[in-house]
Structure formats: C-alpha cells, structure tokens
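FYI, in the UniProt record's numbering the residues of the sequence shown are 1 to 262.
Do not take every clue at face value.
[Said to hold, decoys possible] Taking lysine-lysine and the BS3-like style, the derived pairs with C-alpha atoms no more than 30 Å apart in a straight line are:
| id | residue 1 | residue 2 |
| --- | --- | --- |
| 1 | Lys-230 | Lys-209 |
| 2 | Lys-142 | Lys-106 |
| 3 | Lys-79 | Lys-165 |
| 4 | Lys-142 | Lys-224 |
| 5 | Lys-5 | Lys-173 |
| 6 | Lys-84 | Lys-58 |
| 7 | Lys-165 | Lys-230 |
| 8 | Lys-173 | Lys-209 |
| 9 | Lys-142 | Lys-5 |
| 10 | Lys-196 | Lys-106 |
[As the list claims (entries may be wrong)] The calculated label-pair distances, taken between Cβ atoms and stated as ranges, are:
| id | residue 1 | residue 2 | range |
| --- | --- | --- | --- |
| 11 | Cys-91 | Thr-218 | 54 to 62 Å |
| 12 | Arg-76 | Arg-36 | 19 to 27 Å |
| 13 | Ile-237 | Tyr-145 | 15 to 23 Å |
| 14 | Asp-157 | Arg-126 | 16 to 24 Å |
No lab work stands behind these hints, which were simulated from the structure alone. No residue lacks a Cβ here, since even glycine has one placed at the ideal position from N, Cα and C.
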Amino acid sequence: MHKFKISANARDFLRTFDLGAPEIRLVYALFFVMQRIESNQSINEGETIRAYLSDLRKSALPPERGTRLLRCVIDRLHKTDLFKVLNVTNCSQFIEYQFGDAFIDKIWDVPTRYVVANVKEIRECRTSHEIHFLMLVWGCHKQTYPYFELRADEWGDRSCQKRWKLAAARISKRLGYTLVLCPDIQQFSRTLRRVKVRVMTQGCIWYRKSFYSSSGCTELYEAKDGACRKLTNQQLIERRIGSVFVHDGQEPDEVSLLDGET
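Take these sequences, add in the hints, and give me the full structure.
What follows is the structure, encoded as structure tokens:
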C-alpha cells in the first residue's frame with residue numbers, strides 16, 4: 001500500500017515554500033515513511049528517523065543511479081526550515097531525517113480536514129504545480145460539492161497561470177474528472193482575490209448552473225480530458241443546460257483512485 005494521510009494544514013504549509021517537484025516529492029516520501037513506522041511503533045519527540053533509500057525509490061522516488069541528484073535536492077531543502085536533520089548516510093544506503101518544529105506543529109495540529117494521498121501517484125507528477133493541484137483535489141474528494149481555492153499570489157503571472165492550467169489538464173486526464181477554474185475578481189479594485197476551483201468527482205451533486213457559475217469572474221477555464229480551455233459565453237450557456245451534473249467520464253472506484261493501482 002502506498003497511501004498516507006496528512007492534515008490539510010500540513011499540506012497547505014508546504015505550499016507556502018518555493019520548492020520544485022523533486023523537493024516536494026521527497027518531503028511527502030519521508031512523511032509517508034514516518035507514518036508507516038508510527039503504525040507499528042511510537043516515535044519519540046526529537047528522534048531521528050532512518051529510511052532505506054532503496055525502499056524509497058521503489059515506492060516514492062524516481063529511479064536514479066547514485067545519489068548526486070538526491071544530494072542536490074537535500075541541499076535545497078537545507079535552505080528551508082522543513083527539516084532539523086536531513087542527510088544521506090552509511091554509504092548512501094539511508095536517509096536520516098527529522099522534521100522541523102514548524103512542519104511538525106502543522107502535522108500534529110488538530111486538523112479540520114485530512115488528505116488521503118498516494119506516494120506513487122505523487123512520484124508521477126512532473127511539476128510542483130501538478131503535485132499541489134493533485135493534493136488539493138484529493139483533499140476535496142468526499143465533499144458533496146468538491147471545491148478548493150488557490151491564493152491570488154499562487155495564481156501569479158501569466159507564466160505561473162499557464163503552469164496551473166497545465167497541472168489541471170493533466171489531473172483531469174489522470175483522474176477522469178472535470179474541473180472549472182474561476183479567477184475571482186474584486187468588483188471595484190479589479191484585483192484578483194482568489195481562484196475558485198470546482199471539481200466534478202465521483203458521488204458529488206453539482207448543479208450545472210453552480211458548477212459553471214461565472215459570478216465574480218471575468219473568465220472560466222474548463223479542464224477536461226487532458227486539456228484546459230477558456231470557455232466562451234456560448235459554451236457556458238450550453239453547459240448550464242440541465243439540472244444535476246452527470247459525470248460523463250469513466251468512474252474509477254475509490255480504492256484504485258487513491259492507490260493508483262488497477
């Protein structure tokens with residue numbers, strides 16, 4: 001099994017760091033190992049954890065001969081406060097690590113929501129935006145009206161927006177979902193407040209008018225079947241026809257969706 005459960009607080013804390021996909025992938029992989037150890041034995045406060053590098057590469061990290069790229073990733077993580085200890089040791093057989101206090105506080109904080117994630121699925125993500133987007137989609141999986149938000153500073157400039165749209169397109173293809181991205185503009189200042197993301201998942205009950213609502217938004221983007229496109233006014237009218245949204249893609253069962261297994 002490659003699933004792990006993490007608080008939405010810890011997930012969102014990780015989003016505040018300017019990290020690439022390799023760094024985020026390693027953080028989640030090491031959290032996965034810590035949680036797996038805790039399922040069998042308690043970990044004392046301040047204890048350093050040891051993870052077999054060979055096991056990590058089988059489940060969570062891309063294959064690599066040697067440790068040159070891994071050491072570069074670790075060097076970049078040393079510039080953050082996510083870890084107190086993070087080293088490759090014993091002839092490159094292990095990674096020894098201890099999460100930093102700020103991240104630990106988010107991990108152990110009483111969460112309002114959990115995210116059930118999968119390290120093998122995360123490993124397949126190409127960019128940091130794709131990892132974050134996938135984690136956000138997983139976080140709203142069992143909601144009646146699946147929805148999450150991107151901060152205005154996350155949406156960023158056109159180059160950054162393109163990365164989010166590409167991430168949405170890839171996730172739509174991988175999970176078989178339809179997503180709508182709605183940049184929410186403040187009426188008087190015309191500044192971006194947030195980006196609302198609605199997700200059509202298995203078992204939810206979105207009404208078409210709500211799912212494709214453009215209230216407060218100057219434009220809507222639909223991510224579906226591996227593409228993300230801006231919807232025209234005519235397309236919005238056509239998509240709002242009807243009442244309850246009927247998912248028109250293949251419905252993966254919940255286990256295969258979370259495990260990444262067939």
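Confirm or reject the claim that Arg-76 and Arg-36 have a C-beta distance inside 19 to 27 Å. Between Arg-76 and Arg-36, where Cβ atoms are some 25 Å apart, the hint holds.
Given the hint that Lys-165 pairs with Lys-230, does the C-alpha gap stay at or below 30 Å? holds (10 Å)
C-beta pair Cys-91, Thr-218: status relative to the range 54 to 62 Å that was hinted: holds (57 Å)
For a C-alpha distance cap of 30 Å, please report whether Lys-173 and Lys-209 respect it. Holds, at about 23 Å.
Distance restraint evaluation - Ile-237, Tyr-145, Cβ atoms, bounds 15 to 23 Å: holds (22 Å)
Holds or violated: Lys-142 with Lys-106, Cα cutoff 30 Å? holds (22 Å)
Please work out if Lys-5 and Lys-173 have their alpha carbons no farther apart than 30 Å. holds (24 Å)
Note whether the CB distance of Asp-157 and Arg-126 lies within 16 to 24 Å or breaks it. holds (20 Å)
Proposed proximity, Lys-106 with Lys-196 (alpha carbon, max 30 Å): Holds - the C-alpha atoms of Lys-106 and Lys-196 are around 24 Å apart, at most 30 Å.
Holds or violated: are the alpha carbons of Lys-230 and Lys-209 at most 30 Å from each other? It holds: about 17 Å lies between the C-alpha atoms, which stays within 30 Å.
Against the 30 Å threshold, does the CA-CA distance of Lys-142 and Lys-224 hold or violate the hint? Cα-Cα ~20 Å, so holds.
So if I understand the rule, the pair passes when the alpha-carbon distance is 30 Å or less; does Lys-84 with Lys-58 pass? holds (25 Å)
In this structure, none of the earlier numbered hints is contradicted; all agree with it.
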